[in-house]
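2 protein chains.
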Amino acid sequence: MNAELISVGSELLLGQIVNTNAAFLSQELAIIGVNVFYQTTVGDNDKRLTESLKQAISRSDLIIITGGLGPTKDDLTKEAVASLAGTKLVHHEKSLHNIESYFKKRNRQMSDNNRKQALVIEGSRVLNNEYGMAPGMIVSIDGTSIVLLPGPPQEMKPMFLNELLPELSKMLGEQTSITSRVLRFFDIGESQLETDLLDLIEAQTNPTIAPLASEGEVTLRLTVKHASVAEQKRLLDETEERITNRVGQYLYGYNDTSLMEQLFLQLKEKRCTIATAESFTGGKFSSMLTSFSGVSSVFRGGCVSYATDVKENVLGVSKEVVTKFGVISKQCALEMASCAQQQYDADVAISFTGVAGPDKQEGKEAGTVYIGIAGLSQEPFCYELNLAGRREAVRDRAIKYGCFYLLNEMKRWNKTE
Amino acid sequence: MNAELISVGSELLLGQIVNTNAAFLSQELAIIGVNVFYQTTVGDNDKRLTESLKQAISRSDLIIITGGLGPTKDDLTKEAVASLAGTKLVHHEKSLHNIESYFKKRNRQMSDNNRKQALVIEGSRVLNNEYGMAPGMIVSIDGTSIVLLPGPPQEMKPMFLNELLPELSKMLGEQTSITSRVLRFFDIGESQLETDLLDLIEAQTNPTIAPLASEGEVTLRLTVKHASVAEQKRLLDETEERITNRVGQYLYGYNDTSLMEQLFLQLKEKRCTIATAESFTGGKFSSMLTSFSGVSSVFRGGCVSYATDVKENVLGVSKEVVTKFGVISKQCALEMASCAQQQYDADVAISFTGVAGPDKQEGKEAGTVYIGIAGLSQEPFCYELNLAGRREAVRDRAIKYGCFYLLNEMKRWNKTE
Chain A
1 MNAELISVGS ELLLGQIVNT NAAFLSQELA IIGVNVFYQT TVGDNDKRLT ESLKQAISRS
61 DLIIITGGLG PTKDDLTKEA VASLAGTKLV HHEKSLHNIE SYFKKRNRQM SDNNRKQALV
121 IEGSRVLNNE YGMAPGMIVS IDGTSIVLLP GPPQEMKPMF LNELLPELSK MLGEQTSITS
181 RVLRFFDIGE SQLETDLLDL IEAQTNPTIA PLASEGEVTL RLTVKHASVA EQKRLLDETE
241 ERITNRVGQY LYGYNDTSLM EQLFLQLKEK RCTIATAESF TGGKFSSMLT SFSGVSSVFR
301 GGCVSYATDV KENVLGVSKE VVTKFGVISK QCALEMASCA QQQYDADVAI SFTGVAGPDK
361 QEGKEAGTVY IGIAGLSQEP FCYELNLAGR REAVRDRAIK YGCFYLLNEM KRWNKTE
Chain B
1 MNAELISVGS ELLLGQIVNT NAAFLSQELA IIGVNVFYQT TVGDNDKRLT ESLKQAISRS
61 DLIIITGGLG PTKDDLTKEA VASLAGTKLV HHEKSLHNIE SYFKKRNRQM SDNNRKQALV
121 IEGSRVLNNE YGMAPGMIVS IDGTSIVLLP GPPQEMKPMF LNELLPELSK MLGEQTSITS
181 RVLRFFDIGE SQLETDLLDL IEAQTNPTIA PLASEGEVTL RLTVKHASVA EQKRLLDETE
241 ERITNRVGQY LYGYNDTSLM EQLFLQLKEK RCTIATAESF TGGKFSSMLT SFSGVSSVFR
301 GGCVSYATDV KENVLGVSKE VVTKFGVISK QCALEMASCA QQQYDADVAI SFTGVAGPDK
361 QEGKEAGTVY IGIAGLSQEP FCYELNLAGR REAVRDRAIK YGCFYLLNEM KRWNKTE
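If you read the sequences in order, they're chains A and B. Just so you know, the UniProt record's numbering puts 257 at position 257 of the first sequence, and the rest follows in order with no gaps. Just so you know, the UniProt record's numbering puts 210 at position 210 of the second sequence, and the rest follows in order with no gaps.
It does not matter which identical chain is used: a pair holds within one copy or between any two.
Distance condition first, Cα-Cα at most 30 Å in a straight line; then the derived DSS-like pairs of lysine-lysine:
hint, residue 1, residue 2
1, K105, K364
2, K225, K47
3, K104, K324
Please keep in mind that the hints were generated in silico from the structure rather than gathered at the bench.
Kindly produce the complete structure, drawing on both the sequences and the hints.
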């Protein structure tokens, strides 16, 4: 079944709101095995909406329209669909009742244009709106099913899940369903990953393998099509193994996780307490780690040692190191980590010092980064990086490397009481 | 000038990412008076991309395509456009050089498919990519200007603003232009603001006044249409004055600024050094403040005192306060701020302690927040808040209030040497 989405609303064409409906619907349709080939956005304009509808009918089995079901003059979706279907709008008692009770609940005066929302396309299957006033509809034109859903996500989503999804499943019958598994990689570029896996990517048809790069990470989306869930899992496992045999050392997690979440889970599992000493990252590592609830069981705290004399007088980095090597140095990173581990009494501490940019510092280029790790019952050690990108990108990238390095150390470590 | 946007990428059709590019471009085009009539999303599929392009060329003066300029096999935007233009791809020396230095910087191996990114459409105007590898392009087919931009927002946005926008202004010439001014308010709700300004909002036609609420802030977008820039300014100033006469005390800035940026500028102007003591915000305030380059002139550093004993033993909060009032208390916030100001030797220090949630702490509800301010040649003082929302929302909201309170204090303060 091939589908396309039409989003209606001038606020989308003016960029006043981001179209999250399209992403939600596409994701849901992919899960039940419906291919979405087009997403189109048009304004509250009868001519252009009708034109887009005609084209969609000519090429798709299913069209889902969101928006334009409101009470105001510029809401004209159902009018446009009705005239294409060669039918008219009729009064819908249940919807009017729903609207009236909606106003009664809020003891607000119901205006006439709200009654307009109780009109539905003649002969359509009406979808109930639990969280708003505009009913949804399903009509068929030339063998194409056309679904009308309200625009506000808080009304559209429940209507899709509770009212439309059962209908779609009926339409689809016993067909095969699609499942995806996303493998997340770090410290390897997209083109390198693709080069290493090219033959697999090209040979694979079920599951398919799709690389995607974003924010310094690369993901591989494995998408499998099969009626049996057990067989889906077997096919995904098999392909994942082929992949990890080649690039397993870069794999850090699945689906929607993050490097920081993986580190947090690892710290919790090993009951490993952590402290931080952050210079150019300015507390961002600590801030991200503390976004997880329950982190108080492992996170002790940290020192944002931004000014040089703060590194010395508050954190306790020796003046010698600062004068001899500077604050943008391996030696400073090592001492920052050691001081933080002792001062904050933690099993491990991680430190970040470097040049966020845009300007050089101590003659070091923007993007020069030193990450120190102290604790884990071993000698402190340090990683040096040269990162590209703007100030915030350098900070974010450095933090991801910090998570990745520490995560790999953690996996080898076990707490000894 | 009528424009439409084409977003290319199967990840969009699978709903893996939300299309924020379309919103950004639509907003920017509206500001310079370009009407966007369609936004279309197609996958990495030559046939459907070409089909959409042909249709767009037949009805629009300007087409902006985002995505499909990457190094991998499924990136085929420029190939599709080239074949429609009846021309070929040619090697672009400057872009190849850009790509090579990109890899040199990271000391990473450059793979062959990266060279593909240095190919551009013959006869196209090449747009430089400051933050990535894929160059942008402008070509003309049948009098329609077609612009190719990379998909990643962090590459697309600067290329649009720095490279494409000047070109578009040339194309537009002397036509009536639209300009917007966004007024940013804090500590007042959208409905309250709308109520206070209702008559203005309804009466205004040029400029129009559009309220928008997001992330605990409310903005008013004033949009004026006039050929003369001077007259545009006069009309905007006039309307702004009418607004600030009523709700000026909540106005904190204009356009894309933030409370944190305003605070940073105020600190710099007053040459006021600042330190932080963060508990449940986990370093996020410091992290946000240090996102501005040049912050080292005012930011000293801070203590992320997450664990209770860290508040006592590292930061120096008295055991009496902790045992008597708890860490979620006015008294603790005051001591945290005072300790940080002394320890980090700053003109002012701000502290955050509270319950991010989801669980209660010390019998206090999630959303209970205490913000302490010490320094500015006055007695330390504290604000208590009860914020709604989930964990991250509570943290963000608290930080915004901290900025807002401190900003207002700063405005009254002057450094005495």
